[in-house]
Amino acid sequence: MAKEPEYIIVNIDVPRKYDWSTGKYLGKVYAEAKENKKLMGNRCPKCNQVMWYPTVVCPKCKVETGWDWVELADRGTVVQYTYLVFPLWDPHYGERWANSHPSAIIELDNGIYQRHWLEETDPEKLKEGMRVEVTWKENYDERGLGLQDVPFYRTIED
Amino acid sequence: MIGRVGIVAVAQTKYNPNRCDVNEEELAWEAIKPVLQETGLSLWDIESAVTCSQDFWDGRTISNMNVQHVVGAHLQHEDKVCEDGINAVFIAMGQILSGHHDTILVVSHMKESQGEKGAIENAAFDPAMMRQLGLDFTSSAAMQARRYMYKYGITAEQCAQAVVRNYANAKNNPFAQEARDLTIDDVLGSNTVSSPIRALDAKPISDGACAMILTTEEKAKKLSKNPVWVTGISNCYETHYLGDRDLADCDALTAAAKKAYSMAGIKNPMKQIDVLEISTEYSYQEPLWLEGLGLCARGEGGKLVDSKVITMGGKLPVNPSGGMLPGVPNGVSGLARVAECVLQLRGEAGERQVKGANTALAHGYTGICGQHQAVVVLGNS
Amino acid sequence: MANRVAIAGIGQTYHKSNRPDVNQAEMVGEAVRAALEDAQISIKDIEGMFYSNMETFEGIYLPDHGMIAETGAFGKPGFKVATGGTSGGSVVCEGFYMVSAGLYDVVMVIGFEKQDCGDTTAAITAALNPSWSKGAATGAIGEFAKQALSYMKTSGAKEEHAAMARLKADKGACRNPYAHLKLGLTSVDQVMESGYLVWPLRFLDFCPQSCGACVLILASEEKAKKITKKPVWLADVEVVHQEPFKAGTFGDPTGTETYTQHAACERLYKRNGITDVRKDIDMAEIYEPSNWEEMNLYEHLHICEKNEGWKLIEKGVTEIEGEFPVNCSGGVIATNPIGATPVIRIAEAALQIRGDAGEHQATKDIKTALASALGGPNWTTLALLRRSI
Chain A
0 MAKEPEYIIV
10 NIDVPRKYDW
20 STGKYLGKVY
30 AEAKENKKLM
40 GNRCPKCNQV
50 MWYPTVVCPK
60 CKVETGWDWV
70 ELADRGTVVQ
80 YTYLVFPLWD
90 PHYGERWANS
100 HPSAIIELDN
110 GIYQRHWLEE
120 TDPEKLKEGM
130 RVEVTWKENY
140 DERGLGLQDV
150 PFYRTIED
Chain B
0 MIGRVGIVAV
10 AQTKYNPNRC
20 DVNEEELAWE
30 AIKPVLQETG
40 LSLWDIESAV
50 TCSQDFWDGR
60 TISNMNVQHV
70 VGAHLQHEDK
80 VCEDGINAVF
90 IAMGQILSGH
100 HDTILVVSHM
110 KESQGEKGAI
120 ENAAFDPAMM
130 RQLGLDFTSS
140 AAMQARRYMY
150 KYGITAEQCA
160 QAVVRNYANA
170 KNNPFAQEAR
180 DLTIDDVLGS
190 NTVSSPIRAL
200 DAKPISDGAC
210 AMILTTEEKA
220 KKLSKNPVWV
230 TGISNCYETH
240 YLGDRDLADC
250 DALTAAAKKA
260 YSMAGIKNPM
270 KQIDVLEIST
280 EYSYQEPLWL
290 EGLGLCARGE
300 GGKLVDSKVI
310 TMGGKLPVNP
320 SGGMLPGVPN
330 GVSGLARVAE
340 CVLQLRGEAG
350 ERQVKGANTA
360 LAHGYTGICG
370 QHQAVVVLGN
380 S
Chain C
0 MANRVAIAGI
10 GQTYHKSNRP
20 DVNQAEMVGE
30 AVRAALEDAQ
40 ISIKDIEGMF
50 YSNMETFEGI
60 YLPDHGMIAE
70 TGAFGKPGFK
80 VATGGTSGGS
90 VVCEGFYMVS
100 AGLYDVVMVI
110 GFEKQDCGDT
120 TAAITAALNP
130 SWSKGAATGA
140 IGEFAKQALS
150 YMKTSGAKEE
160 HAAMARLKAD
170 KGACRNPYAH
180 LKLGLTSVDQ
190 VMESGYLVWP
200 LRFLDFCPQS
210 CGACVLILAS
220 EEKAKKITKK
230 PVWLADVEVV
240 HQEPFKAGTF
250 GDPTGTETYT
260 QHAACERLYK
270 RNGITDVRKD
280 IDMAEIYEPS
290 NWEEMNLYEH
300 LHICEKNEGW
310 KLIEKGVTEI
320 EGEFPVNCSG
330 GVIATNPIGA
340 TPVIRIAEAA
350 LQIRGDAGEH
360 QATKDIKTAL
370 ASALGGPNWT
380 TLALLRRSI
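Chains as they are written, first to last, in numbering that gives the first Met the number 0: chain A, 0 to 157; chain B, 0 to 380; chain C, 0 to 388.
Just chain A, same shape as in the assembly (with noise of 0.2 Å):
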């Protein structure tokens, strides 16, 4: 009879290592995020428009952008949310993790729209329509990882 082949897996762990630059337009948020814990998009000159993430170019306009910015609002209402129920891999390490912090995207108060975490974690409590805030790590050294700066978008009663 015969026997089922053995299959030889040969596993090749290469790690790769890049060393992205910001560029100017992300690299004025990541400045004004460490230096100030403020968010900041920059406004098309011709929809007015305000880009987030920021940009050289209005994708819409296709004209450029310039140097007009304008800082998102602390506060917003959760327009849309979902949350893992399985873990997936963490890009960054490669391992395998569960994040229980849903993924929202948020409609800021000044009409901006931004996608991040929240900290709730509980789903009973989650809503469409609830009122967040942003939350910002206080500490001035551990600051400077762009949207990492930015921890979580807490529920707030307002």
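Check each hint, because a few of them may be wrong.
One-sided excerpt, in silico: chain B residues whose CB lies under 10 Å from chain C [claimed, not checked]: (1) L74; (2) I95; (3) Y240.
Here are the computed lysine-lysine pairs in the DSS-like style, where the Cα-Cα straight-line distance is at most 25 Å [what the hints assert, rightly or not]: (4) B/K32 - A/K27; (5) A/K16 - B/K32; (6) C/K305 - A/K59; (7) A/K23 - B/K32; (8) B/K32 - A/K45; (9) B/K307 - B/K224; (10) A/K59 - B/K32; (11) B/K258 - C/K43; (12) B/K13 - A/K27; (13) C/K15 - A/K2; (14) A/K126 - C/K157; (15) C/K152 - A/K124; (16) C/K181 - A/K126; (17) A/K124 - C/K157.
Over 12 Å on every C-beta distance to chain A, these chain B residues come out as not near it, computed from the model [as the list claims (entries may be wrong)]: (18) D101; (19) R244; (20) D245; (21) M269; (22) A296; (23) K354.
Since the hints were made in silico from the structure, they are not lab data.
Ideal Cβ placement from N, Cα and C applies to all residues, glycine included.
Got chain A; can you put chains B and C on it based on the hints?
Same frame as chain A, now just chains B and C:
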């Protein structure tokens, strides 16, 4: 071929070993803005874009996402090429000659400073066998150099001559990363990187972008006083496993050149071509690719590189811009060669101008020991 | 005048979750041989090669270079594309343009992915802007979960409708010898019982990671008629990209954005005289990574009015025996080797037109078919196929 494709504007960024001040979209925009300004077009006039980038080098899956808005791709057509940027010209031609799009923006961007060259290139080798040997493009190029030099008696001095000439030519090129006055002894005295390749035999890390606009014949005549026409173009694959071919030869390049020459009506390249811009990451590639392009017999490349024929003022100047050796990123180089040829044919090459250039050839390659080769012939009449 | 282009040969592998018996090149070689067999031509007749693959998923840089021997590309010209989910659609477009332009007469278009040798979700998350968004990412699944939420809210669709769509897909897959996931589902309840993966998407609501390849041989009119008695005409193609929506990727909760599917359809339909999709086209093979997205796509591709997609599912309009069959092959939710998937859509649509789809052949006669691809941040490619032009 139905009709002709014209190149109406070209631009390059000044090549630099580390553009940490910009991200990919900002870098590409530096090359795109000038071609729009020159033609008076806006991104709204661009019907389609063909971009060239490598996911592995950008460290981003679907790396063309980095440049969508700067090529005006929002609610528009965009295609991507994962070989050297010169192949994007070929794809753009297909879109134009089939009548689907009239005005196409072609862009290639690459930031070699952001990635780990060895790890990325090692991933191109087949995982089961060659990857375990820890090869990258430099060590495999070294094997090709050694084989080529052994088979035909090409000398290290002849290869060094290519380095000296290219770095000297770079002095006349405002986009060049670096220009230097080198001697053969300088090159031969530099540290060995991967024998027989020495540090000065190999191109340095570089960041940059190149953009151009291609249109139909009718539109080209309206948009530019002197459009440059693509008269011949082809590319070709070689085998993958290094042992499957004689590395001293470059049959893929010969095949691609043959097809391109046939399209362009070129029977005697040495006579009929006025200027040549070829892509070389390593000095031995210059004599080897010149043989592949049929500019001399097999094994005579070393003599050709040593001669006055390919110098500025010679019968067929090679790389008036300095080419890739002084520092141009992979993936961008082939497209930048096309850009340089366009400038030559328009008489806009400044200090590096080859007088009376009417026919030019641009070359680019991708992969291990030039596994994929591409050739473009351009003319201005 | 541009050449007319036809599909003269079709080949695919039997798609599976694991193919330890072959390496990536050998797997693609199977599909290449199948296509040559189908067209009854030799590899010598192929003038150009076009490859589509997302190299970050397998961790193989320049994968087309690695398979020169197995795909017969030695000494031939070729190109490679990697635009995410639409890769396979873009590569067919590139082949189409080159043949249409008269630059080649017969080309081979190859889509492939061997997802058992990498981590797809990590690679998909790597598609986000590296300076920025990775922290908030949940992969493609998270984005489709948000799309499902948008869809439920705006259209009134219920989880039962998604389950019905899943059942339809499985029925098709079980009749398709090449499909990957053949679950043998028998009821809507079975689907509703499966657990949630990323709320509200259940395990069964999302496409698998498959290993597979699909190959098309495209030829100019003159050559196609010599090669095959049943050329399937690639009448037209369209590609539309976009910047990501400001509040979502595949669904737009703000209701203000333009979908690429809509833009692509407007252009393709206008150029080809299509005014009533369900009259002018006979069936569609669409790229639906989730059952919720399938209903959404019915609307965006103008197969029905806005907010009515779930009604087509409820009424069985898009079943194999239905008035407008969609994804008789089981669709993407049953089989998803990403680089190949859009090519499979076009191949399956072509098989329907040829009448060669065997057990999953649509009941009605198919003369015109639409194939779509979806990828990246909701990019679209479309192909319109006809039996005669």
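Failing hints, ascending? The structure breaks hints 5, 9, 16; every other hint is satisfied.
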